[in-house]
Amino acid sequence: MTAPELIALLPLLILALGATALLLAARGSVGRGWPLAVGSALALSAALSAVLLPSCVTEVGGMYSTGPYARFFIALWSLATAATLISSGPYLSRRRLPSGEYSALLLFAAAGMGLLSSAVSLSGIFLALEAFTLAFYVLIAFNKNCALGAEAGLKYLVPGGVAAGLLAFGMALLYAASGSLQLPAATAALTIGAPMQSVALAGLALLLAAFAFKLSLVPFHFWTPDVYQGAPAPVTGLLASGSKGAVTAALLTLTATLPAAPAPFKPALATLALLSMVVGTLCALAQSNVKRMLAYSSVVHMGFVLTGLLCWNHTGRTAALFYLVGYSIVTLGIFAVITSFSGEQEPQQLSDYRGLARRQPLRALALTVLLLALAGLPPTVGFMGKLAIFSAALAAGLPLLAVVGIVASLISVYFYLQPVIQMYMTPAPSAEAIEGHSSEYGIIALCLGLTLIFGLWPGPLLELIARLTP
Amino acid sequence: MPLEALSISTAGAFGSELMPPAESLLSLGLYVAMAVGLIAFLLIACRLIGQKTHSKFKDQPYESGIDPTGPAQPGRPVPFYLVAIFFIVFDVEVVFISTWAVAYDLLGWSGFLQILFFIVILFLGLVYLWAEGALDWSPSRQRHSATKEGR
Amino acid sequence: MTGTCPLPLLTLLLTLPIGTAALCLTCRQRPAAARGLALAGTLTVLLIAIGCFVLLPAEPGWLLREDYRWIPALGIRFSLGIDGLALLMILLTAFLSVLAVWLSWDEDNRPPAYFALLLLVEAGVLGVFMALDLLLFYICWEMMLIPLFFLIGIWGQRGGIAAAMKFFLFSLAGSLLMLLAIIALYVLHGQQSGDYSFALAALQHTDLPTGLAPWLFAAFALAFLIKVPLVPLHSWQADTYSAAPAACSLLLAGVLAKTGIYGLVRFALPLFPETAQSALPLLAALALAGVLYGGWIASAQRDLKRLVAYSSLAHLGFILLGLSAWTTTAVEGALLQMVNHGLTTAALFILIALIEKRAGTRQLDELGGLWGRVPRLSAMLLFFALAAIGLPGLNNFVGEILILLGTFSVKPLWAVLAASGLLLAAIYMLRLLQGVIWGPARDERSWPDLVLHEWLLLVPLALLVLWLGLYPETFLEPLRGPAQLLLNGAAPLSLSGGLP
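So the protein lines, in turn, are chains A, S and Y.
With the first letter of the first sequence counted as 1, position 398 gets the number 454 in our numbering; the numbers rise by one all the way through.
With the first letter of the second sequence counted as 1, position 60 gets the number 984 in our numbering; the numbers rise by one all the way through.
With the first letter of the third sequence counted as 1, position 294 gets the number 293 in our numbering; the numbers rise by one all the way through.
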């Protein structure tokens, strides 16, 4: 490993080594705030170095790229982690959870997500995926006094292990067929007429199943609602945005290496996307628990992102990435609001939101706008994302996916409005108000502002993403 | 037979070097068949000619002549699992170190620095566990540190 | 053609209500300030609109246009423009918004939020009337929807939440399909010309595959006709009108319904001329069904607001009938009738709100004998009800007679059927008058008659009703050009060519 390579890896090194140092330095940190501050400072400096440092090499070890695409995602996930860290201080101290380990684990997860987004080889994908999944296994069950949290951790762990197995086996098959783990070379075996194409296709199918599990696409989504419900709210926010986003980024790299989809691959992906949109929407309709509803809504949104990828051209991938960035911002904001509403208990049932607009008007307003953004109504980033996705889908000749997507977003408005109705249109049961912390307000305001700015002025972000999309 | 085998091994247009020769496959198949057959034979023979009497003492689990006591699944102390897990975690790393060791001269200083980094990180992990009291077997320490670690 | 103005007037018209809404939200502790701000904002918009109406010459093409880069990556421009029709609609919107603010002057439940939302509705409607970029149009179309959901849900009467949800989902069902159609047009045009743009002028020149045009037209028409509403799509209307607060009912019937017809005229018909031509008989049949069905159902209503809602259904059917007759007279009549209907329905909703404030009810069975107690209020009710029936000399008569004349010249049967709808109108309106004004009073309480504050609401409306009834030329003149261009199959848009 050479010095330029080390410099190119600096953002990730900051995250990983900083996490290690924090783990050792901040032991017994129940109720302390400084590990969170240090952690977010580390994440911010990682993001800053990812944006500012020029990289002299294009790849590290043949496994991870250091190009603008990778840099963008490292910065994005670092920022998401920093936001999560900043907004979860009061949540941790109310539950007497150790903030040192929490920060360290989140930073490890950020490093893993950044690595996954920059992976250009199969082994790189596997290592990075397992790296951040491992951190999430712990983070989901972080509140060990909560039975649901332990259940959620186990429910993520066991299928996660199966998915890792599928992933490794799929990669082995692809390697057997192509003789390479490097991405363009490894997927070259998928092209028609290549030797052992069927073996490569079997490998790709297994790979796809593992990705679908992480993205919680139907029918690999069963863990999602339980994990969302049991995990601590800030962790759920990062799980929904960062973890899914990083996996999507890797899937995008994978699909971008194929000039055209192998014959059975595209219908399979299209089926996954269709099922996700339909089943996710219908299941979300029946939920009375807001976090479970958001879990199913994430299933639907991953269906939209997949629709963008399925266009199999640059426009579609750009649309998918733009949607992903917008979705991440909105989701982080929503979970930041839920985090700040959490007293002793997280407000999970719809009835917990009764009359909140009277007691906490600002945060209720923020949650409303963010939910409308998830529903894809203008003038929010959700609308612009949907516009980009659907126009790419129609241009690429996928009218069925676009129509189903539109119908799904129509139905989804119903369940996104349920918390809003509870907050604004029903009387409050009690006058107990949960004071928000200024850090929470800051993060919520940031997410809200970005949601509106990118909804009204998405041009610069779209152009940036179009430039760095492979 | 050899002729057939020859035709198979040459007919494979692609990936022929990946396909083992037919003779080896045949011997492997024979070996598997013999193993399975022997086990099946033993089991069936046992069932056919064995005695089928049941009595209180015959149905007892065999514990080297001592009367069996206690439940079949006794609880084991949690630290046992912890230490077992730590052993596995740290033991597996030997794989990486030994792969470096067999080629240390080829890898040079760069390889040395990399394995050093790896070992240092491992060591830091050990220090963390130690400091958290995860290696401490005494009950009082366990209770004391229960609030801090052991997720 | 394109007027030049030193000030970006149209942008100002759009942003003024939004800015005022934001200001309203900041004075959370001072409801009086929010009220004053809202009134000032709507009045300023009205003044600008009146200024445009007085100063701009009545020309067939664009009177004012503004066009800015917005999102070049997707080919979206911030492009606004008004012709005579749009100007008249803006005038109506600005006027009714002032009335809506004035009508809800006593609102004491969170007034800052209430007035802010009202202003946002106004901004959305104004944007709909001005937008020339289809995506900007869609955004404004949604923007008027969201505040209304909150207005109906929070400030509505019993059943407000369900009504708000029904209204929202109905409208969204149409508009999301329209979004898909807009995107399809955008993609087709982009693939044909290489110019990815949402501009109306550009999209008009898209070659549509024969199989696709009816679907796209249907998606557009569905969105617009749900908003009007036309008969099989009307089931949200009566629930929403009756559950909404008075000012919202006023805006919904007076302005929101017009956005649907306006969308049809500005977008659906010019974008798909051939398909639209073949769809006109169907539209006419549905419109006639609306006239007859609306009148019939209105005759059986006990709730005054529901009665007016269904009568509104009948009147809007009339307007659509005039459009689908596709003759100069009928189309001009239909466009004028949009203004007329806005004025009379708004007046009726205001009067119902005033009656409800006094009597505490708006059920026909529980009212009666108003003439003896509040003669001035009753006189105003009589006046506007007669206007709604179409008494000669009042506004609705002019529009209706134009529509009937224009229709009769091409399709006599339609005109005959529609005229029998007028008979139904007389039945339900006279039933309303009989039940409310005459008959014995239900209790002995004495009510205050109209006070100055309420006179200010009604007198401008009454004057306009008389003006339109006696000298409609003032308002017909700006409509002539747009109507002629619509009939020629060339909306005013093509006059100014494509976008820079």
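If you are wondering where the hints come from, they were derived from the structure by calculation, not from laboratory data.
Errors might be hidden in some of the hints.
Stated by the list, open to error - Derived lysine to any residue pairs resembling SDA-like cross-links, with alpha carbons at most 25 Å apart:
1. A:Lys-211 <-> A:Phe-278
2. A:Lys-200 <-> S:Met-958
3. A:Lys-200 <-> A:Val-214
4. Y:Lys-165 <-> A:Pro-146
5. Y:Lys-165 <-> A:Val-463
6. A:Lys-200 <-> S:Gly-1057
7. Y:Lys-165 <-> Y:Gly-210
8. A:Lys-200 <-> S:Leu-1059
9. A:Lys-211 <-> A:Gln-253
10. A:Lys-211 <-> S:Trp-1061
11. A:Lys-211 <-> S:Leu-1006
12. Y:Lys-165 <-> A:Gln-343
13. Y:Lys-410 <-> Y:Gly-488
14. A:Lys-200 <-> S:Ala-1008
15. Y:Lys-165 <-> A:Gln-405
16. A:Lys-200 <-> A:Ser-101
17. A:Lys-200 <-> A:Gly-217
18. A:Lys-322 <-> Y:Gln-190
19. A:Lys-200 <-> A:Trp-90
20. Y:Lys-165 <-> A:Leu-341
21. S:Lys-980 <-> S:Gly-994
22. A:Lys-211 <-> A:Leu-190
23. A:Lys-200 <-> S:Ser-988
24. A:Lys-200 <-> S:Ala-1055
25. A:Lys-322 <-> Y:Leu-187
26. S:Lys-976 <-> S:Ser-988
27. A:Lys-200 <-> A:Pro-146
28. A:Lys-200 <-> S:Trp-1061
29. A:Lys-200 <-> S:Trp-1054
30. S:Lys-980 <-> S:Leu-1006
No experiment lies behind these values; they were computed from the predicted model shown.
Hint check:
1. A:Lys-211 <-> A:Phe-278: Holds - the C-alpha atoms of Phe-278 (chain A) and Lys-211 (chain A) are around 9 Å apart, at most 25 Å.
2. A:Lys-200 <-> S:Met-958: Status violated; Cα separation ~53 Å.
3. A:Lys-200 <-> A:Val-214: This hinted pair holds, its Cα atoms lying about 18 Å apart.
4. Y:Lys-165 <-> A:Pro-146: 39 Å, violated
5. Y:Lys-165 <-> A:Val-463: Status holds; Cα separation ~16 Å.
6. A:Lys-200 <-> S:Gly-1057: It holds: about 18 Å lies between the C-alpha atoms, which stays within 25 Å.
7. Y:Lys-165 <-> Y:Gly-210: Cα-Cα ~32 Å, so violated.
8. A:Lys-200 <-> S:Leu-1059: Holds, at about 21 Å.
9. A:Lys-211 <-> A:Gln-253: Cα-Cα ~35 Å, so violated.
10. A:Lys-211 <-> S:Trp-1061: Outside the cut-off at roughly 30 Å; violated.
11. A:Lys-211 <-> S:Leu-1006: With a Cα-Cα distance of about 21 Å, the restraint between Lys-211 (chain A) and Leu-1006 (chain S) holds, given a limit of 25 Å.
12. Y:Lys-165 <-> A:Gln-343: Holds - the C-alpha atoms of Gln-343 (chain A) and Lys-165 (chain Y) are around 20 Å apart, at most 25 Å.
13. Y:Lys-410 <-> Y:Gly-488: With Cα atoms ~20 Å apart, Lys-410 (chain Y) and Gly-488 (chain Y) stay inside 25 Å; holds.
14. A:Lys-200 <-> S:Ala-1008: Holds - the C-alpha atoms of Ala-1008 (chain S) and Lys-200 (chain A) are around 22 Å apart, at most 25 Å.
15. Y:Lys-165 <-> A:Gln-405: 23 Å, holds
16. A:Lys-200 <-> A:Ser-101: Violated: Lys-200 (chain A) and Ser-101 (chain A) sit about 31 Å apart, past 25 Å.
17. A:Lys-200 <-> A:Gly-217: 21 Å, holds
18. A:Lys-322 <-> Y:Gln-190: 23 Å, holds
19. A:Lys-200 <-> A:Trp-90: 22 Å, holds
20. Y:Lys-165 <-> A:Leu-341: 16 Å, holds
21. S:Lys-980 <-> S:Gly-994: Answer holds: Lys-980 (chain S) to Gly-994 (chain S) is near 17 Å, not above 25 Å.
22. A:Lys-211 <-> A:Leu-190: Holds - the C-alpha atoms of Leu-190 (chain A) and Lys-211 (chain A) are around 13 Å apart, at most 25 Å.
23. A:Lys-200 <-> S:Ser-988: Violated - the C-alpha atoms of Ser-988 (chain S) and Lys-200 (chain A) are around 43 Å apart, more than 25 Å.
24. A:Lys-200 <-> S:Ala-1055: 20 Å, holds
25. A:Lys-322 <-> Y:Leu-187: Holds, because 23 Å separates the two Cα atoms, which is no more than 25 Å.
26. S:Lys-976 <-> S:Ser-988: 22 Å, holds
27. A:Lys-200 <-> A:Pro-146: Holds - the C-alpha atoms of Pro-146 (chain A) and Lys-200 (chain A) are around 17 Å apart, at most 25 Å.
28. A:Lys-200 <-> S:Trp-1061: 22 Å, holds
29. A:Lys-200 <-> S:Trp-1054: 21 Å, holds
30. S:Lys-980 <-> S:Leu-1006: At roughly 39 Å apart (the allowed maximum being 25 Å), Leu-1006 (chain S) and Lys-980 (chain S) break the hint.
Hints 2, 4, 7, 9, 10, 16, 23, 30 from the list above are not met by this structure, while the remaining hints are.
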